[in-house]
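Novice: For the record, the sequence lines run as chains A and B. Residue numbering for the first sequence follows the numbering used here, beginning at 1 and increasing consecutively. Residue numbering for the second sequence follows the numbering used here, beginning at 1 and increasing consecutively.
Treat the hints as calculated values from the structure; they're not laboratory data. Accuracy of the hints is not assured; some may be wrong.
Stated by the list, open to error - DSBU-like, lysine-lysine: derived pairs with alpha carbons at most 30 angstroms apart:
1. K328(B) <-> K38(A)
2. K318(A) <-> K151(A)
3. K290(A) <-> K211(A)
4. K247(B) <-> K229(A)
5. K57(B) <-> K75(A)
6. K247(B) <-> K38(A)
7. K212(A) <-> K229(A)
8. K235(B) <-> K247(B)
9. K75(A) <-> K328(B)
10. K57(B) <-> K80(A)
11. K337(B) <-> K90(A)
12. K235(B) <-> K212(A)
13. K80(A) <-> K337(B)
14. K83(B) <-> K360(B)
15. K90(A) <-> K63(B)
16. K247(B) <-> K228(A)
17. K235(B) <-> K283(A)
18. K57(B) <-> K7(A)
19. K90(A) <-> K57(B)
20. K38(A) <-> K235(B)
21. K10(A) <-> K235(B)
22. K80(A) <-> K90(A)
23. K235(B) <-> K229(A)
24. K282(A) <-> K235(B)
25. K235(B) <-> K299(A)
26. K80(A) <-> K63(B)
27. K75(A) <-> K337(B)
28. K10(A) <-> K57(B)
29. K247(B) <-> K212(A)
30. K211(A) <-> K282(A)
31. K247(B) <-> K197(A)
32. K228(A) <-> K235(B)
33. K211(A) <-> K235(B)
34. K211(A) <-> K247(B)
35. K80(A) <-> K328(B)
36. K80(A) <-> K38(A)
37. K75(A) <-> K63(B)
38. K80(A) <-> K7(A)
39. K290(A) <-> K247(B)
40. K235(B) <-> K290(A)
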Amino acid sequence: MENTHEKCLKLARRIYDLDTNVYQLSGSSLGRTFNGDKEAHISTLATLIYTHPQGHLLRSEIALIGNMARTIHNKAERSKMMTEYNEILKEIEQIPASFGSVDIVDEQLAALNISNLHRQASPDDHLIICIGRTHGSAGTDIGFALADALKINYYDVEIFNQVLERLEAEKDSVADRDNFATKLHELHEALPDTRAKRRVSDFSRYHGLPKKDAVFFNQSDLIRDMAKKEDFIVMGRCADVILTNNRIPHISIFITAPFQQRVRRMMEVNHLEFKEACKLLKKLDRQHEKYYNFYTGRKWGDAVNYDLCINSASYGIKESVELIERMIDKHPNKK
Amino acid sequence: MKKFIAFCAGILATLSCSPLSIMAAEAGSESTANVPLWLCIPFAGLLLCIAVLPLVKAEWWEKNQPLAVAAWSLLFIIPFAVKYGVGMATETVLECILNDYLTFIVLLFGLFCVAGNITLEGDLAGSPRVNVIFLAIGTLLSSCIGTTGASMLMVRPMIKMNSWRRRKSHIMIFFIFLISNIGGCLTPIGDPPLLMGFMRGVPFFWSLHLFPMLVVNMVVLLTVFYFLDRRNYRKDIAAGMRPDISKPGTTIRLEGAHNIIFLVMIVVAVILSGSLPSLSAFQDAAGNVRGIPFGEVVLGFPSIIEIAIILLAAFLSFRTSNPEIRTKNHFTWGAIKEVAVLFIGIFITMQPALMILKAKGGDLGITEPYQMFWATGLLSSFLDNTPTYLVFLTTAGSLGFTEGLVTTVGTIPVRMLIAISCGAVFMGANTYIGNAPNFMVKSISDENGIRMPSFFGYLLWSLSFLIPVFLLDMLIFFL
Numbered sequence: 001m002e003n004t005h006e007k008c009l010k011l012a013r014r015i016y017d018l019d020t021n022v023y024q025l026s027g028s029s030l031g032r033t034f035n036g037d038k039e040a041h042i043s044t045l046a047t048l049i050y051t052h053p054q055g056h057l058l059r060s061e062i063a064l065i066g067n068m069a070r071t072i073h074n075k076a077e078r079s080k081m082m083t084e085y086n087e088i089l090k091e092i093e094q095i096p097a098s099f100g101s102v103d104i105v106d107e108q109l110a111a112l113n114i115s116n117l118h119r120q121a122s123p124d125d126h127l128i129i130c131i132g133r134t135h136g137s138a139g140t141d142i143g144f145a146l147a148d149a150l151k152i153n154y155y156d157v158e159i160f161n162q163v164l165e166r167l168e169a170e171k172d173s174v175a176d177r178d179n180f181a182t183k184l185h186e187l188h189e190a191l192p193d194t195r196a197k198r199r200v201s202d203f204s205r206y207h208g209l210p211k212k213d214a215v216f217f218n219q220s221d222l223i224r225d226m227a228k229k230e231d232f233i234v235m236g237r238c239a240d241v242i243l244t245n246n247r248i249p250h251i252s253i254f255i256t257a258p259f260q261q262r263v264r265r266m267m268e269v270n271h272l273e274f275k276e277a278c279k280l281l282k283k284l285d286r287q288h289e290k291y292y293n294f295y296t297g298r299k300w301g302d303a304v305n306y307d308l309c310i311n312s313a314s315y316g317i318k319e320s321v322e323l324i325e326r327m328i329d330k331h332p333n334k335k
Numbered sequence: 001m002k003k004f005i006a007f008c009a010g011i012l013a014t015l016s017c018s019p020l021s022i023m024a025a026e027a028g029s030e031s032t033a034n035v036p037l038w039l040c041i042p043f044a045g046l047l048l049c050i051a052v053l054p055l056v057k058a059e060w061w062e063k064n065q066p067l068a069v070a071a072w073s074l075l076f077i078i079p080f081a082v083k084y085g086v087g088m089a090t091e092t093v094l095e096c097i098l099n100d101y102l103t104f105i106v107l108l109f110g111l112f113c114v115a116g117n118i119t120l121e122g123d124l125a126g127s128p129r130v131n132v133i134f135l136a137i138g139t140l141l142s143s144c145i146g147t148t149g150a151s152m153l154m155v156r157p158m159i160k161m162n163s164w165r166r167r168k169s170h171i172m173i174f175f176i177f178l179i180s181n182i183g184g185c186l187t188p189i190g191d192p193p194l195l196m197g198f199m200r201g202v203p204f205f206w207s208l209h210l211f212p213m214l215v216v217n218m219v220v221l222l223t224v225f226y227f228l229d230r231r232n233y234r235k236d237i238a239a240g241m242r243p244d245i246s247k248p249g250t251t252i253r254l255e256g257a258h259n260i261i262f263l264v265m266i267v268v269a270v271i272l273s274g275s276l277p278s279l280s281a282f283q284d285a286a287g288n289v290r291g292i293p294f295g296e297v298v299l300g301f302p303s304i305i306e307i308a309i310i311l312l313a314a315f316l317s318f319r320t321s322n323p324e325i326r327t328k329n330h331f332t333w334g335a336i337k338e339v340a341v342l343f344i345g346i347f348i349t350m351q352p353a354l355m356i357l358k359a360k361g362g363d364l365g366i367t368e369p370y371q372m373f374w375a376t377g378l379l380s381s382f383l384d385n386t387p388t389y390l391v392f393l394t395t396a397g398s399l400g401f402t403e404g405l406v407t408t409v410g411t412i413p414v415r416m417l418i419a420i421s422c423g424a425v426f427m428g429a430n431t432y433i434g435n436a437p438n439f440m441v442k443s444i445s446d447e448n449g450i451r452m453p454s455f456f457g458y459l460l461w462s463l464s465f466l467i468p469v470f471l472l473d474m475l476i477f478f479l
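Work the whole structure out from these sequences, hints included.
Specialist: This is the structure in structure tokens:
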């Protein structure tokens with residue numbers, strides 16, 4: 001089993017490398033078959049080879065590389081690429097199509113009696129904690145206290161500010177749509193500017209993308225780059241999914257509390273009436289859920305998406321921090 | 001609706017249950033008017049090969065396409081020659097190659113070459129909004145430079161913009177729907193059937209009558225596309241795909257822009273091919289178009305002029321453009337080669353089907369605009385839409401209407417002419433072979449990392465998205 005796994009992974013790497021070489025040799029600027037994160041593609045391909053070696057999807061993916069390889073102008077290079085292409089096809093044909101209903105793709109992940117959380121990170125990886133939280137659950141305070149206890153950086157709105165720098169955008173013109181925690185009454189909506197000139201300039205500034213998407217993509221880049229350089233805690237911003245997609249080990253935590261408790265906390269902290277606080281909280285939850293679902297395709301707050309979910313009403317800020325500290329104690333990156 | 005269903009059943013019954021030998025009006029004479037239906041088998045066989053072989057024997061098909069095409073063509077030519085004589089067979093094949101295929105493929109070749117030397121450089125990221133804007137522009141452009149011209153010009157920028165995405169085949173499918181077909185309905189330059197109409201007395205700007213249909217189709221299809229693309233765009237983002245927008249600001253520049261002159265040259269050539277035959281200088285005493293004879297078949301001077309201008313434009317485009325542009329555009333001969341090979345087979349083997357249609361078109365009992373719309377459209381989905389349009393135009397002209405547009409084939413009510421034009425132009429989008437640019441876009445997409453659906457897969461897309469729109473067209477405009 002292990003042997004077949006390795007063989008599939010090796011083949012997946014060869015397919016990915018073939019795509020890279022073919023694209024380079026074709027000189028095209030129109031895009032290649034496997035765009036995006038290398039390791040993610042290799043992993044997907046390996047799974048496909050392992051589970052459906054004779055399947056249509058795998059064959060058509062490889063055929064796309066073949067289509068491009070046939071267009072290489074240099075005969076010798078074309079022949080080299082086609083030889084590699086044919087060899088890959090032959091090797092795939094030799095893989096037994098015996099994957100059945102009782103086989104498991106990732107045995108490590110399926111083994112519930114071992115801790116996958118600590119196995120996924122190596123000592124070379126940085127300690128990254130992603131905290132998602134509902135408003136009024138004191139998630140921000142817990143995150144801040146945890147960063148203080150662990151002596152690592154804490155990022156929330158700072159990421160958004162860096163994105164603004166990258167986009168060379170003025171702060172008033174872009175809304176921090178992931179910042180559900182601060183400007184309560186404004187609900188984070190910058191006034192829409194309908195002037196044609198502004199629209200054209202925005203279209204150009206954000207590469208034709210909607211502003212919120214351009215901000216999200218830049219945030220993703222920043223979080224990914226930061227994860228390669230330092231230990232940190234990041235609040236929200238779909239960081240857990242961004243890091244998962246980029247195969248960067250991290251710990252994801254979700255902090256919430258019962259609705260009534262959160263309303264009470266909002267009334268205290270923000271000096272709001274009960275009705276007003278209820279209305280606002282429901283609205284914020286809806287927005288938060290929509291935002292998270294839009295960019296990740298996942299359900300916000302669903303326990304299966306996190307390593308740890310905490311009801312802060314049961315533990316309070318201090319105990320929640322201690323609980324998380326105990327959890328990451330065994331982590332290979334813990335200093 | 002009942003009338004419509006009864007009509008469709010009628011067409012199907014006529015085409016599928018008619019006796020093997022379909023007799024034309026001139027019964028008894030051994031002319032091509034009573035072509036037996038079994039002679040259509042090679043055409044069906046070739047279509048089946050195009051549909052099935054890329055799925056089951058992809059590599060064999062890729063290597064042996066010319067052989068398969070030659071085999072099916074011979075399977076039509078030899079029995080045809082046995083039944084009607086070698087002379088008739090030679091004439092039929094020559095007529096189809098010289099007068100239909102040659103101008104068709106030269107036009108495609110010219111546009112393919114010129115468009116391949118233009119590139120849109122920039123870092124615009126493909127998102128639902130940008131894609132909708134691009135599709136809308138391309139659709140309108142189709143009426144100005146033809147569906148093939150617009151397709152060739154827009155296909156690469158579209159692929160490039162969306163290269164960061166994983167789910168993008170639907171973008172190219174809607175590209176085929178809108179830019180490669182529907183968009184060409186506003187002028188005779190847009191699509192060859194309308195040019196044929198222009199040559200038969202339909203005024204040049206009359207096709208603007210089709211604007212309401214175009215708007216309805218564009219609005220419906222672009223709305224559907226937006227939501228479909230948004231769904232896929234979200235899935236791509238959720239899977240971690242993202243465009244490279246690290247640099248602030250977008251720079252868009254057109255490289256090889258001077259090729260637009262050559263594009264205009266080609267458009268002028270197409271207009272000339274439609275307008276010169278009516279000039280007395282190009283006609284003999286009997287009113288036939290003058291040209292170079294190849295036995296009984298004459299390659300008209302207007303066609304020769306068209307071919308010469310297009311080839312000159314392609315040559316000049318290659319001579320004056322930086323080869324680097326072609327490399328960036330991933331310009332290869334693969335797509336045009338595939339289309340040239342497959343379509344010569346399609347053009348030859350579909351001759352019996354066209355002969356039957358010419359003979360039986362008037363007997364189908366089609367007298368209502370909605371019937372014209374569907375009959376022209378459904379047949380244009382598989383046959384060449386130009387002769388199909390002509391058959392139904394002639395049929396409509398012979399129905400004896402006294403009010404409507406006066407053409408050289410008779411007076412045709414405006415609503416009926418609109419129905420015939422819409423059917424021929426719109427429904428070429430139903431299959432990959434319905435219109436030449438469809439196949440070109442598919443081939444170019446296949447070469448650039450986009451997994452396009454198979455023949456039947458594409459048919460499913462058109463059944464799901466186009467047929468409901470055409471039903472809507474019928475309800476609004478043709479009932």
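Novice: Compare the distance between the alpha carbons of K235(B) and K283(A) with 30 angstroms, and conclude whether the hinted pair is satisfied.
Specialist: holds, 25 angstroms
Novice: Verify the proposed pairing of K337(B) with K90(A), using a straight-line Cα cut of 30 angstroms.
Specialist: Measuring from Cα to Cα gives roughly 28 angstroms; hence the hint holds.
Novice: Within 30 angstroms, alpha carbon to alpha carbon, are K80(A) and K90(A)?
Specialist: holds, 15 angstroms
Novice: With the threshold set at 30 angstroms, check whether the alpha-carbon distance from K57(B) to K80(A) stays at or below it.
Specialist: holds, 23 angstroms
Novice: Is the Cα-Cα distance between K235(B) and K212(A) 30 angstroms or less?
Specialist: holds, 16 angstroms
Novice: Take the C-alpha atoms of K10(A) and K57(B), compute the straight-line distance between them, and say whether it is at most 30 angstroms.
Specialist: holds, 27 angstroms
Novice: Are the Cα atoms of K247(B) and K197(A) separated by 30 angstroms or less?
Specialist: With a Cα-Cα distance of about 21 angstroms, the restraint between K247(B) and K197(A) holds, given a limit of 30 angstroms.
Novice: Holds or violated: K75(A) with K328(B), Cα cutoff 30 angstroms?
Specialist: Judged against 30 angstroms, a Cα distance of about 19 angstroms means the pair holds.
Novice: Taking only the CA atoms, is the gap from K247(B) to K38(A) under or equal to 30 angstroms?
Specialist: holds, 22 angstroms
Novice: Taken at face value, is the distance from the CA of K63(B) to the CA of K90(A) at most 30 angstroms?
Specialist: holds, 18 angstroms
Novice: When you check the alpha-carbon spacing of K57(B) and K75(A), does it fall within 30 angstroms?
Specialist: Status holds; Cα separation ~25 angstroms.
Novice: Do the alpha carbons of K247(B) and K228(A) lie within 30 angstroms of each other, as the hint requires?
Specialist: Answer holds: K247(B) to K228(A) is near 21 angstroms, not above 30 angstroms.
In summary, this structure violates none of the numbered hints.
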